[in-house]
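Participant: Sequence:
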Amino acid sequence: MTPHERPAATDGRREARRLAAGIVAAGMLLTGTAAWAAARVDANTEQRLLESQTRQAASVLTSAVQLIERPLGTALSVQRVAAPSDRTKAFRRFMVSFVGPDKMFVGASLWQRRGDTVEPIASTGEAPAVSLDDPATRSYVLRAFEHTTPTAEQLRIGDRARIAWAQADPVTGYAVYAERAIPADRRAPVDTNSAYADLHYAIYLGREVTPEALTTTDVPPATLPLDGDTARDEIRFGDTVLTLVTSPRVHLGSSLSRWLPTWLLLGGLLATLVGAGTAHRLARARRSAEDDATTITELYQQVDALYGQQRDLFERLQRALLPSAMPTLPQAEFASRYVAGARGIDIGGDWYSVVALDEHRFGFVVGDVSGRGVDTVAVMAQARFTVRAYLLDGHGPAAVLERCSHQFDIEADGHLTTVLVGVGDARTGELILANAGHPAPMLVNGVVEPVSVPPGRPLGIGPATYAETTVQVPAGATLFCFTDGLVERRGEDIDAGTARLAATLRTAAAKSPEEMVAHAVASLRRADTADDIAALALRWTGAY
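Per our numbering, the very first residue in the sequence shown carries number 1; after that it's consecutive.
Hints were generated in silico from the structure; no laboratory data involved.
List time: in silico EDC-like cross-link candidates among lysine to aspartate or glutamate, alpha-carbon distance up to 16 angstroms:
| id | residue 1 | residue 2 |
| --- | --- | --- |
| 1 | K511 | E333 |
| 2 | K103 | E126 |
| 3 | K103 | E69 |
Using the sequences and the hints given, assemble the complete structure.
Facilitator: Here it is, written out as structure tokens:
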């Protein structure tokens, strides 16, 4: 090797190392970003699912509280209609259904106000945890006359824990005092409801989360307060509140979203090492071949491949949030298609979903979250799971959208969401629709025409109400739903795009739903569009 060749070889090795280091740095950055983005989406989805399930659990608890309060008010109403000589007997006859072992209350008593004090005049069930002659008890019952709702407080007498209730009727001067036992194992009766199946919970009387305020929980009290991801809700409880604190028992989202960050990290590291090694070899070959143009091209192709892999990972992330299979119902067929935008690596917020509600009824949704990127997908995941949960709970389309309108805020997350929700009956052809600012679907039945659905406010603007439209779909007809990426083109009126879609669907009216969706997307999608496309076709196949 000549003296001139040695510096050239050294420079070649140094340049190859610098290039490999740059590829490693870029790959680590892209890999870390992808893994972080997937982990953030999963964490946000988990928190929102936890908050949604906590609200459902709070609704169950609210219903249970109302059942507890109702007998107290009814017992006071009995005093209004009972003869003066029969009031104590009427009280015992009524309360016997609610007082006793394994019943709503362990004991109850009727009180009468006399001037500035109250006196017990009848009782039933076990002896109360506190003496009825105790001035503190009399003061507590007397205080009930100052409230329009029942009063509630927790009693701790030795190893016993009870909830004391008092409700008064200022008109008749009577009050009812009752005690409800807190189970020895601290388990709340409502936790047998499916809303609590995936949750750990602790319920406190009042707004303070302290050991003294704890009423019921499904975990050992010594392990409280609940840690990690938690959610909180308050339920009216007499003149105070119950504070419900929850944490997830299990991962609430899909297993794919849970493990995707790890897969992205491992896959990205492997791709980075392969890319860095390839770049190092190509750089040395380029230097030794005196800047060979072919070798330079191959190097750039390797770098471009890394970006292509990054885009593919983002697309797989969004597709993982779409349903993997459609439900099977007699007399109904479903077909769907999602196509990512052709430009950029950011992912969009278009989605669809179909869920079987019973043997013949189904619910469906097609939606579009404004913007692109990981935050958009997080809002899309929240919307998809929230709408699905409300449909499975039995709510109609308008009620689903109304409840969702309270859960999205453009000032908080920076996104607007358009949604079309429907509930259909495969036996009768009846279809109920509600619309939150989404393009109207097309009905294909010989002719093609849009279904008139009043467009309500998109989600994110604030609480709103929505109108429902009932449509009788003929047997053999197809409802075609879509997002605006299928019809919108830059500089063109949206009506022109809608007319183009109608003309395309007329040529595919005789095709199967799967062929119709494929034909529409293939005919109308432009190769340079940045917008995603989601399409869903629903066909009623039976006679009715």
